[in-house]
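As numbered in this note's numbering, residues 270 to 792 make up the sequence shown, in order.
It is worth saying that the hints were derived from the structure and are not from the lab. No false leads were mixed into what you were given.
Label pairs and their computed distance ranges (CB to CB):
no.	residue 1	residue 2	range
1	S757	V700	21 to 27 Å
2	E536	K293	40 to 46 Å
3	T349	H622	22 to 28 Å
4	E476	A678	39 to 45 Å
What you are looking at is a predicted structure, and each value in this text was computed from that prediction instead of being measured. Glycine is no exception: its CB is placed at the ideal position from the N, C-alpha and C atoms.
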Amino acid sequence: MKIGTPTEVFEGENRVAMTPDSAKQLQKLGYECAIETGAGAKAGFSDADYEAAGVEVLKTAAALWKAVDIIAKVRQPDATELKRLNKDKTLISFFNPAGNEEGMEAAKAKGANVIAMEMVPRISRAQKMDALSSMANIAGYRAVIEAGNNFGRFFTGQITAAGKVPPAKVLVVGAGVAGLAAIGTSTSLGAITYAFDVRPEVAEQVESMGAEFVYLDFEEEQQDGAATGGYASVSSPEFREAQLAKFRELAPEVDIVITTALIPNREAPELWTEDMVAAMKPGSVIVDLAAEKGGNCKMTVMDEKIVTENGVTIIGYTDFPSRMASQASTLYATNIRHMMTDLTPEKDGQINHDMEDDVIRGATVTHQGEITFPPPPPKVQAIAAKPKETVPELTPEEKRAAEVAAFKAQTKNQVTLLAIGGALLLGVGLVAPASFMQHFIVFVLAVFVGFQVIWGVAHSLHTPLMAVTNAISSIIILGALMQIGSGSFLVILLAALSVFMTGINIFGGFLVTRRMLAMFQKS
Numbered sequence: 270m271k272i273g274t275p276t277e278v279f280e281g282e283n284r285v286a287m288t289p290d291s292a293k294q295l296q297k298l299g300y301e302c303a304i305e306t307g308a309g310a311k312a313g314f315s316d317a318d319y320e321a322a323g324v325e326v327l328k329t330a331a332a333l334w335k336a337v338d339i340i341a342k343v344r345q346p347d348a349t350e351l352k353r354l355n356k357d358k359t360l361i362s363f364f365n366p367a368g369n370e371e372g373m374e375a376a377k378a379k380g381a382n383v384i385a386m387e388m389v390p391r392i393s394r395a396q397k398m399d400a401l402s403s404m405a406n407i408a409g410y411r412a413v414i415e416a417g418n419n420f421g422r423f424f425t426g427q428i429t430a431a432g433k434v435p436p437a438k439v440l441v442v443g444a445g446v447a448g449l450a451a452i453g454t455s456t457s458l459g460a461i462t463y464a465f466d467v468r469p470e471v472a473e474q475v476e477s478m479g480a481e482f483v484y485l486d487f488e489e490e491q492q493d494g495a496a497t498g499g500y501a502s503v504s505s506p507e508f509r510e511a512q513l514a515k516f517r518e519l520a521p522e523v524d525i526v527i528t529t530a531l532i533p534n535r536e537a538p539e540l541w542t543e544d545m546v547a548a549m550k551p552g553s554v555i556v557d558l559a560a561e562k563g564g565n566c567k568m569t570v571m572d573e574k575i576v577t578e579n580g581v582t583i584i585g586y587t588d589f590p591s592r593m594a595s596q597a598s599t600l601y602a603t604n605i606r607h608m609m610t611d612l613t614p615e616k617d618g619q620i621n622h623d624m625e626d627d628v629i630r631g632a633t634v635t636h637q638g639e640i641t642f643p644p645p646p647p648k649v650q651a652i653a654a655k656p657k658e659t660v661p662e663l664t665p666e667e668k669r670a671a672e673v674a675a676f677k678a679q680t681k682n683q684v685t686l687l688a689i690g691g692a693l694l695l696g697v698g699l700v701a702p703a704s705f706m707q708h709f710i711v712f713v714l715a716v717f718v719g720f721q722v723i724w725g726v727a728h729s730l731h732t733p734l735m736a737v738t739n740a741i742s743s744i745i746i747l748g749a750l751m752q753i754g755s756g757s758f759l760v761i762l763l764a765a766l767s768v769f770m771t772g773i774n775i776f777g778g779f780l781v782t783r784r785m786l787a788m789f790q791k792s
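Construct the entire structure; sequences and hints are all you get.
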């Protein structure tokens, strides 16, 4: 089968769904590759680069759509492109199935199979195909670069002969993929970075990247983002009011605000109101990554950069990944290539559209003349954090009663074990000779004392403790050496095995101990 990529017809789109490197990988899966002339030019890939990678370059889009079996695109197809589909073709692209019913109906009528890259389920196995995360990562990075380009000061603080420069203060609203990319870029540039998200479980990720998580004095049970495909859920009105109050408090202090809050298939929530913009210092910058869905800022204008009366710059661009076309194309083409790997398990250049596969089924929106959107929940769910159990605070009387009950239970267990052990020893003593009993009693006491000593040691100390006590097995080697001169072949064999195994135990114990002690020494 042949896979091809046309030139993107969406105005201002610079990305391409196939790169020379990804084409080489697709050829290893058994596919022939084709591309429309000039399709990769805006992303920095010439026709000569594709030809060198073994890709056939076709002159027109019509010729490409006719020649190939699989079409890989970036943007959702327009009406002309949808007309070029048929029952023998598979389309892989962003498709916006939730807002593109007309497109799904057209694909259904043509009998084509359509895979929407934004519908790839957010499970661990599918991360390599998650094009939304790939593009969001670029958008978050580029948002900080755009903010820096429009901000009149340094990000990092400096003390120079010419004076002191305070560091910029950046607030990132939403700590998803784009938000975390923005946080990483901002902190690496030296800014004091704050971050907010309605999902409290991301606070640890934010702080691990050097930013400060903004907490609210408000308690509300939020659904874990992992349980909703990695996205935030809708908050209550009370939570929203507490959130806006916190933002109003921060507005006069921060220099740059980057908003990334979006819930799939909904208008962007308004988080940065006009009074917050008015409270910001002249020269401040707002980058609204949710501009395509109405914007998180009330004053955002889609695809434009405006300056308010008080000197705040608001950037509402929707093409951040396209502004880094080479990098974005490389990542997106890799996502496509991984999707093709899953679709071609035999690496024979033939698609196996397995609708039992969670990832393929989740991303498929039309299949064999039927609309398959929305998909069923994946069988393998993302692991949601367990809700914290609230342990009730005990009164002093309840604590004392619990301690007494635990002591009584422990005493009862020990007395029971001693009674059973004594009865067993007495039973053995009735039938065993006196010489055996002397050694047996010492053995039982050693086991009992050893068990009590080891049981009382903290789990974190078990490894170094066992490393040392393994060396005590040298007493076994002495007994084995005493028996190795026996006249019985079986005794000699067992003694030799004992010497071998305890030798490994002894030297291994000391070696482990030495390596563990070296961890706490300066090299």
